[in-house]
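K.L.:
If you want the building blocks of each chain, they are given just below.
2 protein chains.
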Amino acid sequence: MTIRLDRERFVATMKEQAEIGATDGGGLHRLTLSDDDKEIRDWFAVQMEEEGLDIRIDEFGNMFGRREGTDPDAKPVLVGSHLDSQPYGGIYDGALGVIGALELIRTLNDEDVETTHPVEIVNWTNEEGSRFQPAMQGSGVWAGAHSLEEEYAKTDADGKVFEEELDRIGYRGDVPAEPQEAYEAYLELHVEQGPYLEENGKEVGVVTGIVGFTWGAVTFYGEADHSGPTPMHYRKDALVAAADVITQIRRIPSTLGERTVGTTGYVDVKPNSINIIPDEVTFTWGFRDPSDDVIEEAYQRVLQEAEWAAEREGIDWEWEERMRAPAVEFADQCVDAVQSAADALELDSMRIFSGAGHDATHMHSVCDTGMVFAPSENGKSHNESEYTSWDDCYAAASTLANAAVTLAGGDAQ
Amino acid sequence: MTIRLDRERFVATMKEQAEIGATDGGGLHRLTLSDDDKEIRDWFAVQMEEEGLDIRIDEFGNMFGRREGTDPDAKPVLVGSHLDSQPYGGIYDGALGVIGALELIRTLNDEDVETTHPVEIVNWTNEEGSRFQPAMQGSGVWAGAHSLEEEYAKTDADGKVFEEELDRIGYRGDVPAEPQEAYEAYLELHVEQGPYLEENGKEVGVVTGIVGFTWGAVTFYGEADHSGPTPMHYRKDALVAAADVITQIRRIPSTLGERTVGTTGYVDVKPNSINIIPDEVTFTWGFRDPSDDVIEEAYQRVLQEAEWAAEREGIDWEWEERMRAPAVEFADQCVDAVQSAADALELDSMRIFSGAGHDATHMHSVCDTGMVFAPSENGKSHNESEYTSWDDCYAAASTLANAAVTLAGGDAQ
Numbered sequence: 001m002t003i004r005l006d007r008e009r010f011v012a013t014m015k016e017q018a019e020i021g022a023t024d025g026g027g028l029h030r031l032t033l034s035d036d037d038k039e040i041r042d043w044f045a046v047q048m049e050e051e052g053l054d055i056r057i058d059e060f061g062n063m064f065g066r067r068e069g070t071d072p073d074a075k076p077v078l079v080g081s082h083l084d085s086q087p088y089g090g091i092y093d094g095a096l097g098v099i100g101a102l103e104l105i106r107t108l109n110d111e112d113v114e115t116t117h118p119v120e121i122v123n124w125t126n127e128e129g130s131r132f133q134p135a136m137q138g139s140g141v142w143a144g145a146h147s148l149e150e151e152y153a154k155t156d157a158d159g160k161v162f163e164e165e166l167d168r169i170g171y172r173g174d175v176p177a178e179p180q181e182a183y184e185a186y187l188e189l190h191v192e193q194g195p196y197l198e199e200n201g202k203e204v205g206v207v208t209g210i211v212g213f214t215w216g217a218v219t220f221y222g223e224a225d226h227s228g229p230t231p232m233h234y235r236k237d238a239l240v241a242a243a244d245v246i247t248q249i250r251r252i253p254s255t256l257g258e259r260t261v262g263t264t265g266y267v268d269v270k271p272n273s274i275n276i277i278p279d280e281v282t283f284t285w286g287f288r289d290p291s292d293d294v295i296e297e298a299y300q301r302v303l304q305e306a307e308w309a310a311e312r313e314g315i316d317w318e319w320e321e322r323m324r325a326p327a328v329e330f331a332d333q334c335v336d337a338v339q340s341a342a343d344a345l346e347l348d349s350m351r352i353f354s355g356a357g358h359d360a361t362h363m364h365s366v367c368d369t370g371m372v373f374a375p376s377e378n379g380k381s382h383n384e385s386e387y388t389s390w391d392d393c394y395a396a397a398s399t400l401a402n403a404a405v406t407l408a409g410g411d412a413q
Numbered sequence: 001m002t003i004r005l006d007r008e009r010f011v012a013t014m015k016e017q018a019e020i021g022a023t024d025g026g027g028l029h030r031l032t033l034s035d036d037d038k039e040i041r042d043w044f045a046v047q048m049e050e051e052g053l054d055i056r057i058d059e060f061g062n063m064f065g066r067r068e069g070t071d072p073d074a075k076p077v078l079v080g081s082h083l084d085s086q087p088y089g090g091i092y093d094g095a096l097g098v099i100g101a102l103e104l105i106r107t108l109n110d111e112d113v114e115t116t117h118p119v120e121i122v123n124w125t126n127e128e129g130s131r132f133q134p135a136m137q138g139s140g141v142w143a144g145a146h147s148l149e150e151e152y153a154k155t156d157a158d159g160k161v162f163e164e165e166l167d168r169i170g171y172r173g174d175v176p177a178e179p180q181e182a183y184e185a186y187l188e189l190h191v192e193q194g195p196y197l198e199e200n201g202k203e204v205g206v207v208t209g210i211v212g213f214t215w216g217a218v219t220f221y222g223e224a225d226h227s228g229p230t231p232m233h234y235r236k237d238a239l240v241a242a243a244d245v246i247t248q249i250r251r252i253p254s255t256l257g258e259r260t261v262g263t264t265g266y267v268d269v270k271p272n273s274i275n276i277i278p279d280e281v282t283f284t285w286g287f288r289d290p291s292d293d294v295i296e297e298a299y300q301r302v303l304q305e306a307e308w309a310a311e312r313e314g315i316d317w318e319w320e321e322r323m324r325a326p327a328v329e330f331a332d333q334c335v336d337a338v339q340s341a342a343d344a345l346e347l348d349s350m351r352i353f354s355g356a357g358h359d360a361t362h363m364h365s366v367c368d369t370g371m372v373f374a375p376s377e378n379g380k381s382h383n384e385s386e387y388t389s390w391d392d393c394y395a396a397a398s399t400l401a402n403a404a405v406t407l408a409g410g411d412a413q
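One line per chain: the protein sequences are A and B, in this order.
Under the UniProt record's numbering, think of the first position of the first sequence as 1, with each following residue one higher.
Under the UniProt record's numbering, think of the first position of the second sequence as 1, with each following residue one higher.
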């Protein structure tokens, strides 16, 4: 069978969610565990109640809504994403996947579709990782990648503690933050956040996996001297060494792989005064690639560049790898379900690797996992100008819904 | 005549001043217009009163103490420096010059030396420029380089207004912040803040001038994209462009002059998140050289490098020159007086250009000006490890005092 979502209701719901935490620039500023996060969670709970779902909030604030299947022994199919946003981020990232899941439930209810497997929808806590690190925190705890107690203790830039903020907004539930049973599959719809679908003129992406990555930081320790009377050959300039490596991080990907990317997003300079040679500079690296070997090579290369830069300035340095995620390859049954759904809807699709991490990264260790991508205009995301047309949002949500129905064994199966 | 300062009292006074605003690390944190600045000012006023000086506080907080000469028509000789410090700076920078001036007065009084010219000593407000910009603010206002009203309106990082802070510590005087008469000469003792005296094994520096400099900032405007799914060839990375120019600022001096230095001390990265490509990066440049032509060449070179870097990333940029000071050559009568004093004291001296700006920079436009340098161990300054031995401090203060007596026409002249 092919189900048809109500386009008008779907678009109206997308717009409705975008009002909570809306920015003047047309984006979203809905940081995890903020007042706006509480408000969108309350709103989402009401939507789930209205559909008669059985709601569970776990200890980490992850929100689930369950619609039973016809076979009491069939494992549930989980569908969802996240409702939190980047600081001044876009209205599609994450939210599209949760609203797509909600519309799936509404349509199953409207059309009295029965499924063999239960269908659950989910809003994961703190996918963005901008207020509390790491990203994909809620799904990571739930999948067992992180310890609940360690993540509870995380603090934001103001020193506020995750656990206290979760209590404050009233979303520490009593269900353990872990799978209560085996799952059949996890499906997630997300905006691509890259340019490949648009570049290739495709309406929807059948995601086959997620690139791996290494994140880390290098700190150089130079000497803080007066910028005037200190001759060049006396200087031990931590910033020059950092700048040296940052330019190499731009270059390293071009020597590794077609899909390799490398970025420095964060720099901290001390004492950061126009008239003093910097004596302590920390900067981050991030490399991503579909191949774990390339990730390891990029990691070794950035350390080598840092060592050379430190030698050139005659200074000390240290580094820490902050996160390493292996590349993920999605399960055939999920990729096939997404491809079949796109084909049945006569959408122009392509297979694509995800360049960003998603909650699906962690879910991959729990059950068969797949993803659907909607095109991102100019590949933009994580800022207010992020844009996906309603046509493309609707096409991707329809693909998600039909793939989920396939996996859950909908009426006609 | 040669006057001899009281070494024990001089050292004790240096130690006494260093207690106000002392840091655990053995340095000074005595920011301009802070409570500690008020305390050192109160202490300095008491010292001047005890010597019977005629004290004036001007509208900008500059503190003067006057000892009359024998000739009512003779122009005063002004001697001094500043008592404010860098954040966690050293105990010698500035303070040595003011205590040297105070010891000069004490010795003239002790030994009943009469001078033809009046002798004035001075503590300039905000030489450091770390809390309120620019540096050398008090002498700059007094010499007419800055407008009083504009400098009153400056704010610190907490938004506190200079004028209100000056009132708060009770140091807005009623004397206009400008010369009340013509001056014969200005002399300033300072630590070198560079390595040349130590490298050459000299006890004291006869300063012949001050390097010129250009200070400015470049801002690159790129695009903030997700660091994962944005391919390298889609990126417009403001930080890579900045890093490119920062490495060139290390290199440019080596193509210009023997004494040229170039520094980036300050960088601001937005949004400064490990997972987002930076879209706005501002960094500063600073170049110094004894030649104004070299300064101009360095300025043109950094703008050229910024243009090339912006083109490479395909991004916009802008710049502002924040300050330009021409190189200063000191007056013969002052340089000669310092050299004669060093020779009379049988000190091993050398002629030297100052690599840093000083209040003497502004005084050069008011009257004949000269400076004395004491050696800085390892050329260090502007941090707690700044060090000059008491022997070297005493030798330099003695040189200052005798040069001042020469210029002021002491008894034996």
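In short, the hints are calculated from the structure, not lab data.
Hints are not guaranteed to be accurate.
Copies of the same chain look alike in the list, so a pair counts if it works inside one copy or between any two.
Claimed, not checked - Using 27 Å as the maximum straight-line C-alpha spacing, the simulated DSS-like pairs for lysine-lysine come out as follows: (1) LYS160 to LYS38; (2) LYS38 to LYS15; (3) LYS270 to LYS154; (4) LYS75 to LYS154; (5) LYS75 to LYS38; (6) LYS154 to LYS15; (7) LYS270 to LYS160; (8) LYS15 to LYS160.
K.L.:
Hints first: check each against the structure and report whether it holds.
P.N.:
These are the hints, each one checked on the structure:
With identical chains, the CA atoms of LYS160 and LYS38 are at most 27 Å apart within one copy only, with a shortest distance of 16 Å there and 36 Å across copies. For the homomeric pair LYS38 and LYS15, the shortest alpha-carbon distance inside one copy (18 Å) is at most 27 Å, but the shortest distance between copies (58 Å) is not. Taking the shortest Cα distances, LYS270 and LYS154 sit within 27 Å of each other both inside one copy (25 Å) and across copies (23 Å). Taking the closest pair of Cα atoms, LYS75 and LYS154 never come within 27 Å of each other, the shortest separation being 33 Å inside a single copy and 67 Å across copies.
In this assembly of identical chains, the alpha carbons of LYS75 and LYS38 never lie at most 27 Å apart, being 30 Å within a copy and 74 Å across copies at closest. Taking identical chains as interchangeable, the C-alpha atoms of LYS154 and LYS15 are never at most 27 Å apart, the minima being 32 Å within one chain and 45 Å between chains. For the homomeric pair LYS270 and LYS160, the shortest alpha-carbon distances inside one copy (25 Å) and between copies (23 Å) are both at most 27 Å. Taking the shortest Cα distances, LYS15 and LYS160 never come within 27 Å of each other, neither inside one copy (31 Å) nor across copies (43 Å).
Comparing the model with each numbered hint stated earlier shows that hints 4, 5, 6, 8 do not hold.
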